[in-house]
Amino acid sequence: MIMNAGGKSQGYWISAGREVLGRPRAAAALAVILLYLAVTVWVYSGYRVPDWESENFELAYRPPSLAHPFGTDIYGRDVLAKTIYGTRIAITVALTASVLAAAIGLALGLLAGYFGGRLDDLITWLYSTLQAIPYILLILAFAFVLQDRRFSLLGLQFRIRGINAVYLALGLTGWVGLCRLIRGETIKHRDREYVIAARALGASSFRLILRQILPNVVHLAVITISLGFISYIHAEVILSFLGLGVKNVPSWGVMIDDAKLELFRGVWWQLAAATAAIFFISLSLHIFGDAVRDALDPRQRGEGG
Amino acid sequence: MNSRLDSQKPASRGDPGPVLQAAGLHTYFEIGGAVFPAVRGVDFTLERGRTLGLVGESGCGKTVTALSLMGLVPPPGRIVSGSIRLRDREGSPRELTTLPEKKLRRIRGREMGMIFQEPMTSLNPVFTVGEQIREAILVHEPVGRRAARERALGLLEDVNIPDPAGRWGDYPHQLSGGQRQRVMIAIALACNPGVLIADEPTTALDVTVQARILELISRLRDRHRMAVLLVTHDLGVVAQATERVAVMYLGRIVESAETRRLFANPGHHYTRALLDSVPRLGEEKRRLRTVRGSVPALSRIPSGCSFHPRCPRAEEICRRESPQPREVGPGHRVECHFPLNQ
Numbered sequence: 001m002i003m004n005a006g007g008k009s010q011g012y013w014i015s016a017g018r019e020v021l022g023r024p025r026a027a028a029a030l031a032v033i034l035l036y037l038a039v040t041v042w043v044y045s046g047y048r049v050p051d052w053e054s055e056n057f058e059l060a061y062r063p064p065s066l067a068h069p070f071g072t073d074i075y076g077r078d079v080l081a082k083t084i085y086g087t088r089i090a091i092t093v094a095l096t097a098s099v100l101a102a103a104i105g106l107a108l109g110l111l112a113g114y115f116g117g118r119l120d121d122l123i124t125w126l127y128s129t130l131q132a133i134p135y136i137l138l139i140l141a142f143a144f145v146l147q148d149r150r151f152s153l154l155g156l157q158f159r160i161r162g163i164n165a166v167y168l169a170l171g172l173t174g175w176v177g178l179c180r181l182i183r184g185e186t187i188k189h190r191d192r193e194y195v196i197a198a199r200a201l202g203a204s205s206f207r208l209i210l211r212q213i214l215p216n217v218v219h220l221a222v223i224t225i226s227l228g229f230i231s232y233i234h235a236e237v238i239l240s241f242l243g244l245g246v247k248n249v250p251s252w253g254v255m256i257d258d259a260k261l262e263l264f265r266g267v268w269w270q271l272a273a274a275t276a277a278i279f280f281i282s283l284s285l286h287i288f289g290d291a292v293r294d295a296l297d298p299r300q301r302g303e304g305g
Numbered sequence: 306m307n308s309r310l311d312s313q314k315p316a317s318r319g320d321p322g323p324v325l326q327a328a329g330l331h332t333y334f335e336i337g338g339a340v341f342p343a344v345r346g347v348d349f350t351l352e353r354g355r356t357l358g359l360v361g362e363s364g365c366g367k368t369v370t371a372l373s374l375m376g377l378v379p380p381p382g383r384i385v386s387g388s389i390r391l392r393d394r395e396g397s398p399r400e401l402t403t404l405p406e407k408k409l410r411r412i413r414g415r416e417m418g419m420i421f422q423e424p425m426t427s428l429n430p431v432f433t434v435g436e437q438i439r440e441a442i443l444v445h446e447p448v449g450r451r452a453a454r455e456r457a458l459g460l461l462e463d464v465n466i467p468d469p470a471g472r473w474g475d476y477p478h479q480l481s482g483g484q485r486q487r488v489m490i491a492i493a494l495a496c497n498p499g500v501l502i503a504d505e506p507t508t509a510l511d512v513t514v515q516a517r518i519l520e521l522i523s524r525l526r527d528r529h530r531m532a533v534l535l536v537t538h539d540l541g542v543v544a545q546a547t548e549r550v551a552v553m554y555l556g557r558i559v560e561s562a563e564t565r566r567l568f569a570n571p572g573h574h575y576t577r578a579l580l581d582s583v584p585r586l587g588e589e590k591r592r593l594r595t596v597r598g599s600v601p602a603l604s605r606i607p608s609g610c611s612f613h614p615r616c617p618r619a620e621e622i623c624r625r626e627s628p629q630p631r632e633v634g635p636g637h638r639v640e641c642h643f644p645l646n647q
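Read top to bottom, the protein sequences are chains D and U. Position 208, counted from 1, in the first sequence is what the working numbering calls 208; the numbers after and before it change by one each time, with no gaps. Position 64, counted from 1, in the second sequence is what the working numbering calls 369; the numbers after and before it change by one each time, with no gaps.
There may be inaccurate statements among the hints.
In silico contact screen, one side only, chain D against chain U (beta carbon under 10 Å); selected entries [to be verified]:
(1) 137
(2) 193
(3) 211
(4) 212
(5) 219
One-sided excerpt, in silico: chain D residues whose CB lies under 7 Å from chain U [claimed, not checked]:
(6) 12
(7) 16
(8) 194
(9) 197
(10) 200
(11) 201
(12) 202
(13) 203
(14) 216
These are computed hints drawn from the structure, not numbers from a lab. Ideal placement from N, C-alpha and C gives every residue a C-beta, glycine not left out.
Using the sequences and the hints, build the whole thing.
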């Protein structure tokens, strides 16, 4: 048993963070992810954002050049500007869906795993049912149902428009994998001695879940979410490609949709730009997610300090 | 030694007499229609400043008895009948078997603390030991985090952890087994309970560390006038750390007596067999005797005296009738048709 002689011992998250950043590839991947986030913030801020809207038919289908590094589309709009705008939609959708899915997946997984019995049956039934439906069809169904729906909450009127339906559909379907994982881990931890010891101290169920079990499973949520982020970006692209996502705003999916009419004319740059944008964020998230998983995996962190 | 716990010692704590009384306690597990009677009518009394040893083989119901006291019997187990009477810190009697979960929660930790066998797994691996002791205080007492930290540091000092402030930020895996058990004791005593239940507290520790942990428990017991229930299968631990001992076999207490008396003059054939299976210093070398046979399954408890299939003295009556407890000496009760040395 190694003792930390007098020194303050390192926190779990701090040492995990150090380990991730200590790997050059993971650090590079993180830099790319931060770049995408920065672009998103930049587009939202509206400060000196490139113009994608002005149409100029004389400039239609220009190949990449110095003035238009990624070329132009059928209306003579700058493809680089469209790609940059597309980042905003992709990242926003993925972030929102991740938060929603994480909240639902964690809450239901902890409840099902801890209390068991009827509640567990119900939640297991719910996610098994959702899981039985092909993923894209399920999202489509949710998005169709939620589309243009009005509802009131706390006296406020809400109307779900195009892209919001996608956020919700992704979040409402994406929690299944996380929920199943957290449920299993919670069952494992529920009967561990430290949970029983905490109960012997008079801690309530709520307190046990939040203060004893959650901190032991939250790393799994972090890993699952960082890997799930990619699938949300892909789903946004697919839904937009199918015409269910954003309208009148650039999105990578819409760009690929446009490209299917362009390719036979030899106009390849719009497809290339959207694909490259997706490729780099996907690759970076995968590398980063893998590194996070390795760093947080308790099996790889020895008992001996 | 100055203890932070002393300052909040309740007035009733000084009174002599029983703090906890279990009578006719039955705890059964029902699995798929089959009933497994883990505890079958157990009576004992815990008194302030005294330690009762509960000793027996694996599966005899020691741990289930301890968990029953805390109201922590895991489902599908439950207390079927019997009573557990606790005198709380205000001195008023409480019947625990009928208390709803919500009120039991206020008893656990405040009136009764518990420490477990495996100090590694009894501590949450993702929190520092300091945080865990502080949490134990905050469960019951609405004090500020800073005040709780002060008290937690005092507790670490009470359980003889050197340099409490330095150890505060250590994670459980950074401590040795003995230190972890000390931390567990600090956690169990965080709210100064009147009863401490120690379930095999030294089983996972080295023998030298065992002795020091037992000394610590005895010292804290005297200082805080606690009643201690020490569950163990180790007769050496019983001899060292208890005043009274109850021997359990298949869910019943078959013999109870003052510890010295029991070791010198056992009344039950089972107790005799247990004592004979322990090697002694200075004795001429011989083959150690073992208890004949093995513990029967809970689903097939023998008729009559449940020890009769393994008992060297068993006769026809032992197969037919359960023995009534009888007093064979002052404070010495035995459940046997043919007690020894009488």
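Against the structure, the hints:
1. 137: Residue 137 of chain D check fails; min Cβ-Cβ to chain U is 39 Å, beyond 10 Å.
2. 193: holds (4 Å)
3. 211: holds (7 Å)
4. 212: Constraint on residue 212 of chain D satisfied, holds at 6 Å.
5. 219: holds (9 Å)
6. 12: holds (6 Å)
7. 16: violated (11 Å)
8. 194: Holds: closest Cβ of chain U sits about 5 Å from residue 194 of chain D, inside 7 Å.
9. 197: Since the shortest Cβ distance to chain U is 4 Å, the answer is holds.
10. 200: Hint on residue 200 of chain D: holds, closest Cβ of chain U at ~4 Å, below 7 Å.
11. 201: holds (4 Å)
12. 202: This interface hint holds because 4 Å falls under the 7 Å limit.
13. 203: Since the shortest Cβ distance to chain U is 5 Å, the answer is holds.
14. 216: The hint holds - residue 216 of chain D has a Cβ within 7 Å of chain U, the shortest such distance being about 6 Å.
Consistency note: the structure conflicts with the earlier hints numbered 1, 7.
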